[in-house]
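Visitor: So the protein sequences, as listed, match chains U and L.
Per numbering that gives the first Met the number 0, residue 0 is the first one in the first sequence, and the count goes up by one each step.
Per numbering that gives the first Met the number 0, residue 0 is the first one in the second sequence, and the count goes up by one each step.
By construction, these hints were calculated from the structure, which means they are not laboratory data.
Careful: at least some of the hints might be erroneous.
Identical copies go unnamed one by one, so any copy, or any two together, can satisfy a pair.
[What the hints assert, rightly or not] Listed below are the simulated EDC-like cross-link pairs for lysine to aspartate or glutamate, each with C-alpha atoms no more than 20 Å apart in a straight line:
1. Lys212 with Glu122
2. Lys330 with Glu393
3. Lys330 with Glu357
4. Lys212 with Glu240
There are 2 protein chains.
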Amino acid sequence: MSDLLERLRAGLPPEALITDPDVTASYAHDMASFCEAGTPAVVVLPRTVEQVQHVMRTATALRVPVVPQGARTGLSGAANASDGCIVLSLVKMDRILEISPVDRIAVVEPGVVNAVLSRAVNEHGLYYPPDPSSWETCTIGGNIGTASGGLCCVKYGVTAEYVLGLEVVLADGRLLTTGRRTAKGVAGYDLTRLFVGSEGSLGIVVKAVLALKPQPPQQLVLAAEFPSAATACDAVCRIMERGHTPSLLELMDRTTVRAVNAMASMGLPETTEALLLCAFDTPDPSADLAAVGELCTAAGATEVVPADNPAESELLLQARRMSLTALETVKSATMIDDVCVPRSRLGAMLAGTAAIAEEYGLTIGVCAHAGDGNTHPVVCFDHQDPDESRRARESFDAIMALGLELGGTITGEHGVGVLKKEWLARELGETGVELQRSIKAAFDPLGLLNPGKLF
Amino acid sequence: MSDLLERLRAGLPPEALITDPDVTASYAHDMASFCEAGTPAVVVLPRTVEQVQHVMRTATALRVPVVPQGARTGLSGAANASDGCIVLSLVKMDRILEISPVDRIAVVEPGVVNAVLSRAVNEHGLYYPPDPSSWETCTIGGNIGTASGGLCCVKYGVTAEYVLGLEVVLADGRLLTTGRRTAKGVAGYDLTRLFVGSEGSLGIVVKAVLALKPQPPQQLVLAAEFPSAATACDAVCRIMERGHTPSLLELMDRTTVRAVNAMASMGLPETTEALLLCAFDTPDPSADLAAVGELCTAAGATEVVPADNPAESELLLQARRMSLTALETVKSATMIDDVCVPRSRLGAMLAGTAAIAEEYGLTIGVCAHAGDGNTHPVVCFDHQDPDESRRARESFDAIMALGLELGGTITGEHGVGVLKKEWLARELGETGVELQRSIKAAFDPLGLLNPGKLF
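In isolation and in its complexed conformation, chain U is listed as follows (with noise of 0.2 Å):
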């Protein structure tokens, strides 16, 4: 251990390492409830490339695991530390190192912040679309591990699309690039892409060169009200097999709705069983709303309320913002399930999930990025009463069963980390873990970076 700190500081300026037990502590775990934790040995808080190198070979040479760490907002327990690691927090390396206009590319460090990074390129008229709701503290580092999400995918997609090229300091230290800085590029397999979403176990990235698109123009939200999940579903696939291509296409279940008026009286109609916003950043988005709100009222919508202004559709976008944070309220604790089914069987992923809280006796409340099929069921129970912690998480395990059986992923966009990595085995089979295996072996042949999670 003091051989561990002696080495480390050797590389390292004082201030990047942290030993105060009390400190490290708070660095144990991410925003995933029940998910284990161990003690790190030690926090260190690289400001350069050759640092976060340095760290990489002292544990290599001291065979100490490393677990990399943004600002933990992740929501499966993948930045978790384990007992006697090194945390390796990248929050200092926080340099926005060029934006391009033309070439439609921002190059970051990988401690910069998503809304740092997002409000810096629109001051050049770019747009970076990945939005998790922890975009204001997340950060990119964090969003590529984890290849996040949020309320933009159902037209921009997910981070992984906007990586281009990456530098990686692998297991033993050495520095990788991969990918490109240009729009295309096919030289051998895709590395870049294999690291995203890779949670931190296959290298630390220290650089990344992220796609821009150009700043859309500002997003118009309508509000649709429906009398069940199932009409409110049904108004999805009509719009999506229409051809619309809304900027976000969200649903809130009567118990979110009426958890987010709780928290923030925001005035939500909470005699209604499922609210679907739906917004347009195209150049007529009154128009666009209108074909939408017709076809949300043929499917049954009880009343539809466009939006006037920017000021009241993001009025609406904050109250499903904070639907995750609110539901967390309903009970002492939360499971927050990310199912994602093909969009064609929201409809039954809701009735099950329904049927589901209904079987285990439990409030499950759902809100969904439902034009992507991504719900997040969350789960509240009272994390003192044994029984229905057990309860909780049996029925947060059968509606995973139930995502896989209707075609769908465990996790749409928060991961696998501690809290599902049983139910990765059984999504991808016993041939892909085994090449997935085969693949962490090659990168990571010690098996120091982040173990225990994924697999």
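Place chain L on chain U using the hints.
Guide: Chain L in isolation, oriented as in the chain U frame:
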């Protein structure tokens, strides 16, 4: 050899095996000139996944290399046979299994021809963007193997962005399912993307889930004449910097324009140094083209001619699509480069290419997906003149060196194959190649799949 045939016959119908050397010889190579190609032992044309598994089990048992093939329209020799190999042609597995307008996906076998799929999804109001020049004959399996691009990429990206999930027969005959049929999904490492562009070296794709877009409005094209490549490239930068999203943005130099006119009397303006084609498939393409026309004029265009109607637009696109073929008629032979640079360096790339043509005393015609920075310099030479042939190869290499120097890649969309394998190592670096080789070893430990390609 007879053992090989006997074993293959045990699991394949008679018509799925070709052994006549005159016929098998016609399967020896794709459309790249001057790439080594061996003599196949046998060509197999399976129709089912089980038959592909049988072929791979046989190959593994007897340690016989396997070269997977689509329509052999590739331009890098990636589908070229090696001596004594089994050529595994997937063209008979050509069923479209599903098209879903709600989920916006198609599920296809690898032998489906790109144009057949494109037209089939059009009937459902959907759009499969990837459109390589060979789209009327090339197969989806080949497109996936080479991650191929096309004219659409400046707005819609390459094939990789449309592959959601795969079924793959591994070297040992096991069947692997990767990815998803959902809009999002982040469960484990992205094996799907690893197969895209792997040129058949990691496994045999036998089924693909493809993402589709809603069919956009018919595009309208504008042609702009420039007095120099530099002014045309300046226009490209202005168009992209201003936040436009054209559905194509193509450049033809004077050599290309003349070659196209000579081949098909297209009446293109032969007095200009560079012809730029720009299109929009937006709701109001005329307005967008007018804005772009002004930018072209400001950059120095001598003439700006928007097409009046879709028929005129289609004629201009035909001219662009026949560019490579037309340039092939300039001399007895050609070598086609595929360097992609950041679009801000496009002007430097074209100036450097002209200097290389001058230095080596050769005609090098250039057409380019200008909006992507992806240039196709076509080195024209007399293959019966040994000195000119040598200079052609040297200039071909000099163009790749220039591309790397400008921060680009040796291949934007044609792949590595045999043609550029010495160059891949230069682009990836030692660590990159080592990791790529370790992935190859994990998937294909006996090295049977498409040996001698990529590395």
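Visitor: All hints, please: hold or fail.
Guide: Outcome of the hint check:
Proximity of Lys212 and Glu122 under a CA criterion of 20 Å is satisfied intra-copy only: 13 Å inside one chain copy versus 30 Å between copies. For a Cα distance limit of 20 Å, the shortest separation of Lys330 from Glu393 inside one copy, 17 Å, qualifies, whereas the shortest one across copies, 71 Å, does not. Taking identical chains as interchangeable, the C-alpha atoms of Lys330 and Glu357 lie at most 20 Å apart only when both belong to the same chain, with a minimum of 17 Å there against 76 Å between chains. Taking identical chains as interchangeable, the C-alpha atoms of Lys212 and Glu240 lie at most 20 Å apart only when they sit on different chains, with a minimum of 11 Å there against 25 Å within one chain.
Checked against the numbered hints given earlier, this structure breaks none of them.
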